[in-house]
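There are 4 protein chains.
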Amino acid sequence: MDFFDRLKAAAHDDWQSYVDHDFVRMMGEGTLPHDAFKAYLVQDYLFLIQFSRAYALAAYKGRTLQDIKAAQDTMAAILNEMNLHLRLCERWGLSAADVEATEEHNSNIAYTRYVLDCGMSGDLLDLHVALIPCVIGYGEIAKSLAPNGPDALGDHPYREWIGEYAGEGYLAAAAGARANLDRLAQRGVSDERFAELVKIFARASRLEAGFWQMGLDLGHEAKLA
Amino acid sequence: MDFFDRLKAAAHDDWQSYVDHDFVRMMGEGTLPHDAFKAYLVQDYLFLIQFSRAYALAAYKGRTLQDIKAAQDTMAAILNEMNLHLRLCERWGLSAADVEATEEHNSNIAYTRYVLDCGMSGDLLDLHVALIPCVIGYGEIAKSLAPNGPDALGDHPYREWIGEYAGEGYLAAAAGARANLDRLAQRGVSDERFAELVKIFARASRLEAGFWQMGLDLGHEAKLA
Amino acid sequence: MDFFDRLKAAAHDDWQSYVDHDFVRMMGEGTLPHDAFKAYLVQDYLFLIQFSRAYALAAYKGRTLQDIKAAQDTMAAILNEMNLHLRLCERWGLSAADVEATEEHNSNIAYTRYVLDCGMSGDLLDLHVALIPCVIGYGEIAKSLAPNGPDALGDHPYREWIGEYAGEGYLAAAAGARANLDRLAQRGVSDERFAELVKIFARASRLEAGFWQMGLDLGHEAKLA
Amino acid sequence: MDFFDRLKAAAHDDWQSYVDHDFVRMMGEGTLPHDAFKAYLVQDYLFLIQFSRAYALAAYKGRTLQDIKAAQDTMAAILNEMNLHLRLCERWGLSAADVEATEEHNSNIAYTRYVLDCGMSGDLLDLHVALIPCVIGYGEIAKSLAPNGPDALGDHPYREWIGEYAGEGYLAAAAGARANLDRLAQRGVSDERFAELVKIFARASRLEAGFWQMGLDLGHEAKLA
Numbered sequence: 324m325d326f327f328d329r330l331k332a333a334a335h336d337d338w339q340s341y342v343d344h345d346f347v348r349m350m351g352e353g354t355l356p357h358d359a360f361k362a363y364l365v366q367d368y369l370f371l372i373q374f375s376r377a378y379a380l381a382a383y384k385g386r387t388l389q390d391i392k393a394a395q396d397t398m399a400a401i402l403n404e405m406n407l408h409l410r411l412c413e414r415w416g417l418s419a420a421d422v423e424a425t426e427e428h429n430s431n432i433a434y435t436r437y438v439l440d441c442g443m444s445g446d447l448l449d450l451h452v453a454l455i456p457c458v459i460g461y462g463e464i465a466k467s468l469a470p471n472g473p474d475a476l477g478d479h480p481y482r483e484w485i486g487e488y489a490g491e492g493y494l495a496a497a498a499g500a501r502a503n504l505d506r507l508a509q510r511g512v513s514d515e516r517f518a519e520l521v522k523i524f525a526r527a528s529r530l531e532a533g534f535w536q537m538g539l540d541l542g543h544e545a546k547l548a
Numbered sequence: 324m325d326f327f328d329r330l331k332a333a334a335h336d337d338w339q340s341y342v343d344h345d346f347v348r349m350m351g352e353g354t355l356p357h358d359a360f361k362a363y364l365v366q367d368y369l370f371l372i373q374f375s376r377a378y379a380l381a382a383y384k385g386r387t388l389q390d391i392k393a394a395q396d397t398m399a400a401i402l403n404e405m406n407l408h409l410r411l412c413e414r415w416g417l418s419a420a421d422v423e424a425t426e427e428h429n430s431n432i433a434y435t436r437y438v439l440d441c442g443m444s445g446d447l448l449d450l451h452v453a454l455i456p457c458v459i460g461y462g463e464i465a466k467s468l469a470p471n472g473p474d475a476l477g478d479h480p481y482r483e484w485i486g487e488y489a490g491e492g493y494l495a496a497a498a499g500a501r502a503n504l505d506r507l508a509q510r511g512v513s514d515e516r517f518a519e520l521v522k523i524f525a526r527a528s529r530l531e532a533g534f535w536q537m538g539l540d541l542g543h544e545a546k547l548a
Numbered sequence: 324m325d326f327f328d329r330l331k332a333a334a335h336d337d338w339q340s341y342v343d344h345d346f347v348r349m350m351g352e353g354t355l356p357h358d359a360f361k362a363y364l365v366q367d368y369l370f371l372i373q374f375s376r377a378y379a380l381a382a383y384k385g386r387t388l389q390d391i392k393a394a395q396d397t398m399a400a401i402l403n404e405m406n407l408h409l410r411l412c413e414r415w416g417l418s419a420a421d422v423e424a425t426e427e428h429n430s431n432i433a434y435t436r437y438v439l440d441c442g443m444s445g446d447l448l449d450l451h452v453a454l455i456p457c458v459i460g461y462g463e464i465a466k467s468l469a470p471n472g473p474d475a476l477g478d479h480p481y482r483e484w485i486g487e488y489a490g491e492g493y494l495a496a497a498a499g500a501r502a503n504l505d506r507l508a509q510r511g512v513s514d515e516r517f518a519e520l521v522k523i524f525a526r527a528s529r530l531e532a533g534f535w536q537m538g539l540d541l542g543h544e545a546k547l548a
Numbered sequence: 324m325d326f327f328d329r330l331k332a333a334a335h336d337d338w339q340s341y342v343d344h345d346f347v348r349m350m351g352e353g354t355l356p357h358d359a360f361k362a363y364l365v366q367d368y369l370f371l372i373q374f375s376r377a378y379a380l381a382a383y384k385g386r387t388l389q390d391i392k393a394a395q396d397t398m399a400a401i402l403n404e405m406n407l408h409l410r411l412c413e414r415w416g417l418s419a420a421d422v423e424a425t426e427e428h429n430s431n432i433a434y435t436r437y438v439l440d441c442g443m444s445g446d447l448l449d450l451h452v453a454l455i456p457c458v459i460g461y462g463e464i465a466k467s468l469a470p471n472g473p474d475a476l477g478d479h480p481y482r483e484w485i486g487e488y489a490g491e492g493y494l495a496a497a498a499g500a501r502a503n504l505d506r507l508a509q510r511g512v513s514d515e516r517f518a519e520l521v522k523i524f525a526r527a528s529r530l531e532a533g534f535w536q537m538g539l540d541l542g543h544e545a546k547l548a
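Chains as they are written, first to last, in the numbering used here: chain V, 324 to 548; chain X, 324 to 548; chain C, 324 to 548; chain W, 324 to 548.
By construction, these hints were calculated from the structure, which means they are not laboratory data. Among the hints, erroneous ones may be present.
Any copy will do: because identical chains look the same in the list, a pair fits if it lies in one copy or spans two.
Capping the alpha-carbon separation at 25 Å, the derived lysine to aspartate or glutamate pairs in DMTMM-like fashion look like this [unchecked claim]:
#1 Lys361 / Glu413
#2 Lys361 / Glu426
#3 Lys522 / Glu423
#4 Lys522 / Glu426
#5 Lys392 / Glu413
#6 Lys522 / Asp446
#7 Lys466 / Asp478
#8 Lys392 / Glu519
#9 Lys392 / Glu404
#10 Lys546 / Asp367
#11 Lys392 / Asp421
#12 Lys466 / Asp345
Being a predicted model, the structure only gives us computed values, none of them experimental.
With the sequences and hints as input, model every part of the structure.
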């Protein structure tokens, strides 16, 4: 059991509330309203801007050149991941400027600023524990929605999203983040410290669940409007 | 028009959504369900822990001994303000340990971590603009709910809360914070910079409105439970 | 052996270069030129401004109300310690404004900004390890210079300084900081992590030695001028 | 007069103490002892590790995606600049690991941690004002040492260093940093604020001068050893 698995086992219910959220299930079934997906994706783009700041923070906190370079590589990967969002948004008639002018939803603010504060007030391990539900969860979710691989998804409405996160590139990056977390945990984690980290992991998982719920709520509002 | 008034005028609707929130109106009329008030107050205690961290951040960011001392004085005032909360909570059978063990609500996380991030990523003016809706708004609200002074409130159910924030001690501290904001703004605020600060002020006001709404929602949940 | 003793043993030579510095020996013998002491004390006042920022940072990084309050208490103690400096400076005809207008020496900048950076880029333990050579060293030095207690110092020229740091108030605060360090280390310190912390402790000790050297150098320059 | 020129004019003597330092003059004449250059270059490599952290901090502090990307580009440029150092060090039989294991000199710590603290406690403008003497100064110095262009340097012993910083790539990056500083200053700089920024600029220039002096001192020590 690596460090990620220990955290997941210790915060099982919170983790499940995130990876088994209705939004995920409906996305898999293809029944997720398009408005919900669209609202989610726009917010996720804004989320990734803050996530790139979180990896900049990781670089700032690096103790070795190797740490700094690793964080910078992840920043570059995130900025690349955002092209998926812009490509989809442009297809819907939304420019990058439109997306960036959208107001961040409270659920988005809560999650991103919580991660940044964990990282600033704690150490690199706190920061990476706060980031990891997102990094690994998206891969796990996408793989579960494409059990036969992305190519077997046919004309699934959310094929592009699923394919991105079930793709080899993303999964390799997630595996790297998982190994890095394990390495940081080698620096020493007492039971008291583990309890603190579980609290961060559980909260970040719930904030991810809240992010999916925001998608459903915004989609519902858009339908009523 | 001092700097606070310029911000309030520029973000009028957001400010009104906060100071005129249903929670406030119902508290004034004495019709606010006790469960809503109680849930709010417990969260507000957790909020003040983070707020004391925000003033610690202000001390860290101080350029002069005077700045550092001023921030430290405010930290002390906040820790004092928290005694009101503990006194009320103890009356309801909640110890300080019970309150501190309560999970922070997402609306609480969103607001507090947003303020901390503004302060860490920006400068002292950004930090104080993010803090000011809370500091001045509570005084304005309390005064409007006690137009003839706290002593005329008789056996109003929320007399203690209103009395705290409409009291001379609190209002003097708020006036000091307002003057300090004005002083910081003298350091130079272009139109572009003012627009940024209005965005922070407007968002903080909406996050305050969200904090009241959280109180109503938690009160409703408690009633249903 | 508590955590402080483990650090001191692991960085023995660096620690000795600080507590056995010529400046210390000459202060004890009463042969330290007054200009050196004066230059040191003015810089030390500027140093304490940055040190109060470091404890503000500790408060910001607090995970519990108890941590936050403890850091705030230390901030208050530092601001109190600075009165010794102002009292002596005023006797020499230097006002607080004169002292605050003095340019920080590079050795002062190196030490204080290193501590602040350790604390910001690391966690609370990194911060306190960087602070502890100052906190405990001053007490050890003062006790060694007043083996029969401060009252036996007679008309020793540096009696006031020695008395401050060999006094019960200061020594109790230093013992508290030492216990706090031990408590933080309980959160888990692997061998790899211990090596990192020794590096910080050793460097902070050398930067303290550099601070004494600055006093001698500035005293020498003043004599030549 | 752009913002950089205003700062330089206001801190003329400090700027001159840096760009006209003996180290610079001796490097230009080719009389700088090789040991001094070598010691400087090893320290400069360690300096650039901290400088890449400073640009990571700039990315963290970015308010827009454009700001974040610009800072990340500079991080990449710095990591590239470090190859010059490694190339030269390897020629002298020093591996990257040897260089990274070298203890940072106090003058190095003073400068880098001062910049990081300016950036963390202030805003982006404070950070960039602290960084700019290095960024622009190196270009100005290198151009002055190669008045007829780097190609005319023949077998000058420091041709590679001069060529790097007098090269088009470096000068274009420096011009970009200069324009960025100007853009940030548009956000509003009162006279009081300008005085603060001049203080930072002046101090950073003196810390650069101290960095050259460190090179001469270390070279002298190496000769005596």
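Hint-by-hint comparison with the structure:
1. Taking CA atoms no more than 25 Å apart as the test, Lys361 paired with Glu413 passes inside one copy only; the shortest distance there is 11 Å, against 47 Å between copies.
2. For the homomeric pair Lys361 and Glu426, the shortest alpha-carbon distance inside one copy (14 Å) is at most 25 Å, but the shortest distance between copies (31 Å) is not.
3. Only between protomers do Lys522 and Glu423 lie at most 25 Å apart by alpha-carbon distance; the minimum there is 14 Å, versus 32 Å within a single protomer.
4. Proximity of Lys522 to Glu426 under the C-alpha cut-off of 25 Å is restricted to the inter-copy arrangement: shortest distance 10 Å between copies versus 29 Å within a copy.
5. When the C-alpha separation of Lys392 and Glu413 is checked against a cutoff of 25 Å, the pair qualifies only between copies, where the shortest distance is 21 Å, while the shortest distance within a copy is 32 Å.
6. Proximity of Lys522 to Asp446 under the C-alpha cut-off of 25 Å is found in both arrangements, the shortest distances being 15 Å within a copy and 17 Å between copies.
7. Taking the shortest alpha-carbon separations for Lys466 and Asp478, only the intra-copy value of 17 Å comes in at or below 25 Å, while the best inter-copy value is 60 Å.
8. Taking CA atoms no more than 25 Å apart as the test, Lys392 paired with Glu519 passes between copies only; the shortest distance there is 20 Å, against 28 Å inside one copy.
9. Taking the shortest alpha-carbon separations for Lys392 and Glu404, both the intra-copy value of 18 Å and the inter-copy value of 14 Å come in at or below 25 Å.
10. When the C-alpha separation of Lys546 and Asp367 is checked against a cutoff of 25 Å, the pair qualifies only within one copy, where the shortest distance is 20 Å, while the shortest distance between copies is 34 Å.
11. In this homomeric assembly, Lys392 and Asp421 come within 25 Å of each other (Cα to Cα) only across copies, at 19 Å, whereas the closest approach inside a single copy is 32 Å.
12. Taking the closest pair of Cα atoms, Lys466 and Asp345 come within 25 Å of each other only inside a single copy of the chain (17 Å); across copies the shortest separation is 45 Å, beyond that limit.
In terms of the numbered hints stated before, the structure departs from none.
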